[in-house]
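J.: Here numbering that gives the first Met the number 0 is used: position 273 in the sequence shown is 272, and no number is missing along the way.
Each hint should be verified, as a subset may be incorrect.
As the list claims (entries may be wrong) - Derived DEER-like restraints, expressed as beta-carbon distance ranges:
#, residue 1, residue 2, range
1, Ala53, Ile106, 36 to 46 Å
2, Thr110, Thr51, 33 to 43 Å
3, Pro343, Glu143, 53 to 63 Å
4, Gln78, Pro343, 38 to 48 Å
5, Arg314, Glu143, 19 to 29 Å
6, Thr233, Leu258, 15 to 25 Å
7, Asp273, Glu143, 40 to 50 Å
Said to hold, decoys possible - Using 35 Å as the maximum straight-line C-alpha spacing, the simulated DSBU-like pairs for lysine-lysine come out as follows:
#, residue 1, residue 2
8, Lys315, Lys187
9, Lys334, Lys55
10, Lys239, Lys100
11, Lys362, Lys55
12, Lys236, Lys112
13, Lys187, Lys236
14, Lys15, Lys315
15, Lys100, Lys79
16, Lys362, Lys315
17, Lys15, Lys55
18, Lys79, Lys66
19, Lys100, Lys112
20, Lys239, Lys187
21, Lys166, Lys142
22, Lys187, Lys334
23, Lys262, Lys166
These aren't lab readings, by the way, just hints derived from the structure by calculation.
Note that CB positions come from ideal geometry on N, CA and C, so glycine has one too.
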Amino acid sequence: MTDTDTNDLLALALFKSAGDNRVTKDATAILPWSQIVQDLSTHILTDGELDTEADKDRWMFTLALYKDETWGDYEPATQKVFLRDPEGNRILDGQGLPMVKEIITPINPDTGKHYVRRSAANLLGYSALMLDYDGIRNIPWAKERFGRYAHCGYTSYSHMKDGRVNKFRLILPFATPCPVQEFELRKKAFLRFSETDDPSTVAVSRGFYLPQVHPRRAQFAETWSGDGPWLDWTTFKAEKPYVPPPIPAMPLPEGPARLWGRKEFDRVLQRIRDSAEGSRHHNIAGACLRAGSLIAAGVLDEGHARQMLEYEALRKVGPGRRYEVVDLIESGFKKGGRNPAAVPGTYVTTPTPEQQRHMAALKDRLRHQKKWATK
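Please work from the sequences and hints to get the whole structure.
T.: And the structure:
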C-alpha cells in the first residue's frame, strides 16, 4: 500500500494514562499510516523522577476502533470515588493502596450520556498488530524478523534500564481491519508469530504508551520503520477461544479441618470477587498465594482450587488475560506451598521435610545456647 491509497487509514484512540478509561470523540481519529509512523518517530522527554510511576504513566494509545455514544449497548466508563480524611487526602489500606468508597458511571456533560469505556466489550476491531517486548529479544533481531513487512518500532520507557536489556514495541498495520471476534480467535497465532515474552500484548483493549524516555536515558532512545506488505490477519490460524472449565463439585469435607479449609478458601475467592479496578492483580496474586498454603496444609484440593481461582479471576479480568492468570496461580501455589497454613484447633498437619529440617536445626541451636549459658 502507498500513502496515497484510500485504504491507508487506521483507527486510533488516545488516552491520558493507564487510569484513563474513557473513549472520547476528541481523542479518537482515523489517520494515514504515514502520519502514525511520523508521530511515533520521536520520543517525548519526561520531566519527573526517573523510573517512578508518575513519570512513565503518560499518554497511551491503541490502533483500534471503539463504539461511541451513539451506540445503544455500550459499556459505560466507570470512575472510582475514594475515601478521604477531613483534610481531603486519600485513606490508604494495609497494603498502602487507596480505599475505594464507591464506583460511579459519570455522565459526559457535552452529550448527556455516559462515557464509553475503554474495554473489550466496546472494541469493534483492530487496525494493526501491536507487540511489546520486555527483554527476550533485541532490536537487531526485530529489524531482521519483521523487515519484510510494513512496520514501525520504538524503544519503551524502561529500555536499557540496566544498560543491557532491550525493551521495545512494534506495530504492524493490518491489510484490512480485523474485527475483534476474529482477533480473539487468532491470539495464539499472533503470539507464535511475534515470539514476544509478553503474552498480554494481545489482550483486547490493552493500551500502549507513546514513545517516551527520561532525559537520563535519552541516549538509548531509538525509533525505526520499514516498508513492505501490510499484515494479512486472515492468514493466521483461527483457534477456538478459551472457555473456563465447568466448576467441579467440592468434595465433602473430611472432618473439621477440611471444613475450616473450605471456609477459608471461600474467603479467598470472595477477595477476588470484591476486587476493584486498580487492585485486581494484587488481590488475585494474594488469593493464589493463600490457596497454595491451604493446599500445602492438606485442607484444600489442588485441582478444585486451580479451577475455581481461574474461573473467578477470568470473570473479573476477562478471558484475554488467561496467560497472566495461569502464571499467577502457578506462582502463588509454589510460594504458598513453602509455608503451609496453620490449621486452628488440634488439626495439625504433618510438617514438610523442609520444616522438619528447620525445626531440628533450631532445636540443635537452642541446645548449644543452653550449654553455653550454664558454663
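J.: Hinted pair, alpha-carbon criterion (35 Å max): Lys362, Lys55. Please report holds or violated.
T.: Not satisfied, since the Cα-Cα distance of roughly 50 Å exceeds 35 Å.
J.: Given the range 36 to 46 Å, decide if the beta-carbon distance of Ala53 to Ile106 lies inside it.
T.: violated, 29 Å
J.: Starting from Lys187, check that the Cα of Lys236 is at most 35 Å away, please.
T.: holds, 8 Å
J.: Against the 35 Å threshold, does the CA-CA distance of Lys315 and Lys187 hold or violate the hint?
T.: Holds: Lys315 and Lys187 sit about 21 Å apart, inside 35 Å.
J.: Tell me if the straight-line CA distance from Lys239 to Lys187 falls inside 35 Å.
T.: holds, 10 Å
J.: When you take the CB atoms of Gln78 and Pro343, is the distance between them in 38 to 48 Å?
T.: Once the Cβ atoms are compared, 41 Å apart, the range 38 to 48 Å for Pro343 and Gln78 holds.
J.: Does the structure keep Lys262 and Lys166 at a Cα separation of 35 Å or less?
T.: violated, 44 Å
J.: Lying within 33 to 43 Å: is that true of the beta-carbon distance Thr110 to Thr51?
T.: Hint holds: Cβ distance 35 Å, inside 33 to 43 Å.
J.: Does Lys79 sit within 35 Å of Lys100, going by the straight-line distance between their CA atoms?
T.: It holds: about 8 Å lies between the C-alpha atoms, which stays within 35 Å.
J.: Would you mind confirming whether the straight-line C-alpha gap from Lys362 to Lys315 stays at or under 35 Å?
T.: The hint is violated at about 46 Å.
J.: Within 19 to 29 Å or not, the Cβ separation of Arg314 and Glu143?
T.: Violated: the Cβ-Cβ distance is about 41 Å, outside 19 to 29 Å.
J.: Are the Cα atoms of Lys15 and Lys55 separated by 35 Å or less?
T.: With a Cα-Cα distance of about 11 Å, the restraint between Lys15 and Lys55 holds, given a limit of 35 Å.
Going through the hint list in order, the structure does not satisfy hints 1, 5, 6, 10, 11, 12, 16 and 23.
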